[in-house]
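Student: Chains as they are written, first to last, in the numbering used here: chain A, 817 to 1220; chain B, -8 to 120.
Some clues are possibly wrong.
[Unchecked claim] Taking lysine-lysine and the DSSO-like style, the derived pairs with C-alpha atoms no more than 27 Å apart in a straight line are:
(1) 1195/A to 115/B
(2) -3/B to 1195/A
(3) 921/A to 952/A
(4) 1134/A to 37/B
(5) 952/A to 900/A
(6) 13/B to 1195/A
(7) 115/B to 1214/A
(8) 1214/A to -3/B
(9) 37/B to 69/B
(10) 1214/A to 13/B
(11) 1195/A to 118/B
(12) 909/A to 1012/A
(13) 1195/A to 818/A
(14) 900/A to 921/A
(15) 917/A to 900/A
(16) 952/A to 1010/A
(17) 1027/A to 900/A
(18) 883/A to 1010/A
(19) 1214/A to 1195/A
(20) 37/B to 13/B
(21) 1037/A to 883/A
(22) 917/A to 883/A
[What the hints assert, rightly or not] Each pair of labels, with its calculated beta carbon distance range:
(23) 11/B to 1004/A: 51 to 61 Å
(24) 13/B to 830/A: 33 to 43 Å
(25) 12/B to 1176/A: 49 to 59 Å
(26) 80/B to 1043/A: 51 to 61 Å
(27) 951/A to 89/B: 51 to 61 Å
(28) 13/B to 981/A: 48 to 58 Å
(29) 78/B to 1091/A: 53 to 63 Å
(30) 1180/A to 43/B: 47 to 57 Å
(31) 1081/A to 12/B: 51 to 61 Å
(32) 15/B to 944/A: 41 to 51 Å
(33) 820/A to 70/B: 38 to 48 Å
(34) 9/B to 929/A: 49 to 59 Å
I should point out that these hints are in silico values taken from the structure, not numbers from a laboratory. Heads up, the beta-carbon is just placed ideally off N, CA and C, and yes, glycines get one too.
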Amino acid sequence: MKLPIYLDYAATTPVDSRVAVQMAQYLTVDGIFGNPASRSHRFGWQAEEAIENARRQIAQLVNCDPKEIIWTSGATEADNLAIKGVASFYRDKGRHIITCKTEHKAVIDTCRYLEGEGYEVTYLDPEPNGLIDLEKLAAAMRPDTIIVSIMHVNNEIGVIQDIEHIGELTRARGIVFHVDAAQSVGKVAIDLNKLKVDLMSLSAHKVYGPKGIGALYVRRKPRVRLAAQIHGGGHERGMRSGTLPTHQIVGMGAAYEIAEAEMVAECDRIRILRDRFLDKLRDIPEVYLNGDLLQRVPHNLNLSFAFVEGESLMMALKDIALSSGSACTSASLEPSYVLRALGRSDELAHSSLRISLGRFTTAEEIDYAAQQIRQAVNKLRELSPLWEMYQEGVDLTKVQWSAH
Amino acid sequence: MSYSEKVIDHYENPRNVGAFDKTEQNVGTGMVGAPACGDVMKLQIKVNAAGIIEDARFKTYGCGSAIASSSLLTEWVKGKTLHEAQEIKNTQIAEELALPPVKIHCSVLAEDAIKAAIADYQAKQSKEA
Chain A
817 MKLPIYLDYA ATTPVDSRVA VQMAQYLTVD GIFGNPASRS HRFGWQAEEA
867 IENARRQIAQ LVNCDPKEII WTSGATEADN LAIKGVASFY RDKGRHIITC
917 KTEHKAVIDT CRYLEGEGYE VTYLDPEPNG LIDLEKLAAA MRPDTIIVSI
967 MHVNNEIGVI QDIEHIGELT RARGIVFHVD AAQSVGKVAI DLNKLKVDLM
1017 SLSAHKVYGP KGIGALYVRR KPRVRLAAQI HGGGHERGMR SGTLPTHQIV
1067 GMGAAYEIAE AEMVAECDRI RILRDRFLDK LRDIPEVYLN GDLLQRVPHN
1117 LNLSFAFVEG ESLMMALKDI ALSSGSACTS ASLEPSYVLR ALGRSDELAH
1167 SSLRISLGRF TTAEEIDYAA QQIRQAVNKL RELSPLWEMY QEGVDLTKVQ
1217 WSAH
Chain B
-8 MSYSEKVIDH YENPRNVGAF DKTEQNVGTG MVGAPACGDV MKLQIKVNAA
42 GIIEDARFKT YGCGSAIASS SLLTEWVKGK TLHEAQEIKN TQIAEELALP
92 PVKIHCSVLA EDAIKAAIAD YQAKQSKEA
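Using the sequences and the hints given, assemble the complete structure.
Tutor: Shown next, in the form of structure tokens:
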């Protein structure tokens, strides 16, 4: 076993070596390096063929028409294009947007920006298990609502939103439905032919493809219109200008093709590892799982170890790469807004670890990580005045703390 | 977050971890911070008849620099008079541990903790008298 162990697959994944090999063929002078927009020579035609092949590979995984795939620099750009593009195009129809408090910052901050531009945004509270109550969502919809943006799988807690039923609600009201699927594609089956999703953001680097490439699915029937956010040579049917990065796109296509072939078996394998991991931590007292256990991708565990602060816990786990919802790990010094939106106390948000498993995770790594976490939690609890008080039977919620 | 070697040393080998009986007359206890803010420090001092801090203990819930700040403080206060300990400034702690700017509040908390422990000890003595 090689140290350190990578358990942060929700942050990014390594490029699968089968993908890297293909990408390398689209860079150098003896490869296919042409500009896919060059129409006058073979170099361009070959590159264009590679792009269209990759477009088919993406379409295949999410079951849509390849013409509905627009390349972007990643899911963040796709989220921006979807929300700003719809807001701008449909501004005379309405100025109301609905999203959720646990969305990725690429959605939240885009919505905040639009608030400054005269739009009104409803940020729904999720239920304590992280899922959206469809009745509350339906109640928030108004005649002037133009877009609903709800992520498929949450990046911090891994819960899966019911996009099938949300799509029924939006379609019935003629509201555009955008889904950020960066964390779900390649983990959960997506059938855009059946789902009433109008726009879907996709990423390559969460699915063993390269960083710096993603796509936005834009439905053609019924047609969804967008105002372009990046102007230039009119690439991607005018929706997103800029020379296409052939090697990146080939990489994303190859990664999605592998995902389609291996997704089911991979999920089964990861679920077994996830359960093994939970089992090994089960007897530690005062550990809380954040987010629903069942409506969740097996790749993600988000646990709060009460009375232990997340950053110091990560310091003790120096051979393991993972993330924490603790304020001390963020530039803002605020604990995770996702965990807070679930109604978790700030203290439990400070005490959280996100462990995300992936293609190259082994049982040996899981056993090692579980043992290291157990040791670290024990050590830090011995150091913790809160643990001492808890064991003395003090109710910590009744203590007068000097907030600072 | 990349920490100095001193922070890592105190974090990995914290000095004077533990607790005194807080009901004892010669023990002063200071508890500062809040769980919601991500750090709570409990600092205890044992003071002899000559007014010198003979021993100190701490327990800290918080990040690596909060643990290191309180660990360092327990080393520093031992052998000092109450007056000398009262004079310890957060900037000295921050400097000794080379704390990054976002972690300065950890050293502030440590200064608050020793002041609170001394105040608790003095309050006990005045009640006695």
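Student: Is the straight-line distance between the alpha-carbon of residue 883/A and that of residue 1010/A 27 Å or less?
Tutor: With a Cα-Cα distance of about 17 Å, the restraint between residue 883/A and residue 1010/A holds, given a limit of 27 Å.
Student: Is the Cα-Cα distance between residue 921/A and residue 952/A 27 Å or less?
Tutor: Roughly 22 Å between the alpha carbons, so the hint for residue 921/A and residue 952/A holds.
Student: Between residue 13/B and residue 830/A, does the C-beta distance stay in 33 to 43 Å?
Tutor: violated (52 Å)
Student: For the pair supplied as a hint, residue 1027/A and residue 900/A, is the alpha-carbon distance within the 27 Å limit?
Tutor: holds (23 Å)
Student: Is residue -3/B close enough to residue 1195/A, meaning Cα to Cα at most 27 Å?
Tutor: holds (19 Å)
Student: Could you grab the alpha-carbon distance between residue 1195/A and residue 818/A and see if it respects the 27 Å cut-off?
Tutor: With a Cα-Cα distance of about 24 Å, the restraint between residue 1195/A and residue 818/A holds, given a limit of 27 Å.
Student: So the hint says 47 to 57 Å: do the beta-carbon atoms of residue 1180/A and residue 43/B match that?
Tutor: holds (54 Å)
Student: Is the straight-line distance between the alpha-carbon of residue 900/A and that of residue 921/A 27 Å or less?
Tutor: holds (14 Å)
Student: Looking only at beta-carbon atoms, does the pair residue 13/B, residue 981/A fall within the given range of 48 to 58 Å?
Tutor: holds (56 Å)
Student: Hinted pair, alpha-carbon criterion (27 Å max): residue 1214/A, residue -3/B. Please report holds or violated.
Tutor: At roughly 36 Å apart (the allowed maximum being 27 Å), residue -3/B and residue 1214/A break the hint.
Student: Quickly compare the C-alpha distance for residue 917/A and residue 883/A to 27 Å and report which way the hint goes.
Tutor: violated (32 Å)
Student: Decide if the proposed pair is consistent with the structure: residue 909/A and residue 1012/A, CA atoms, cutoff 27 Å inclusive.
Tutor: Roughly 21 Å between the alpha carbons, so the hint for residue 909/A and residue 1012/A holds.
Hint check: violations occur at hints 1, 4, 8, 11, 22, 24; the rest are consistent with the structure.
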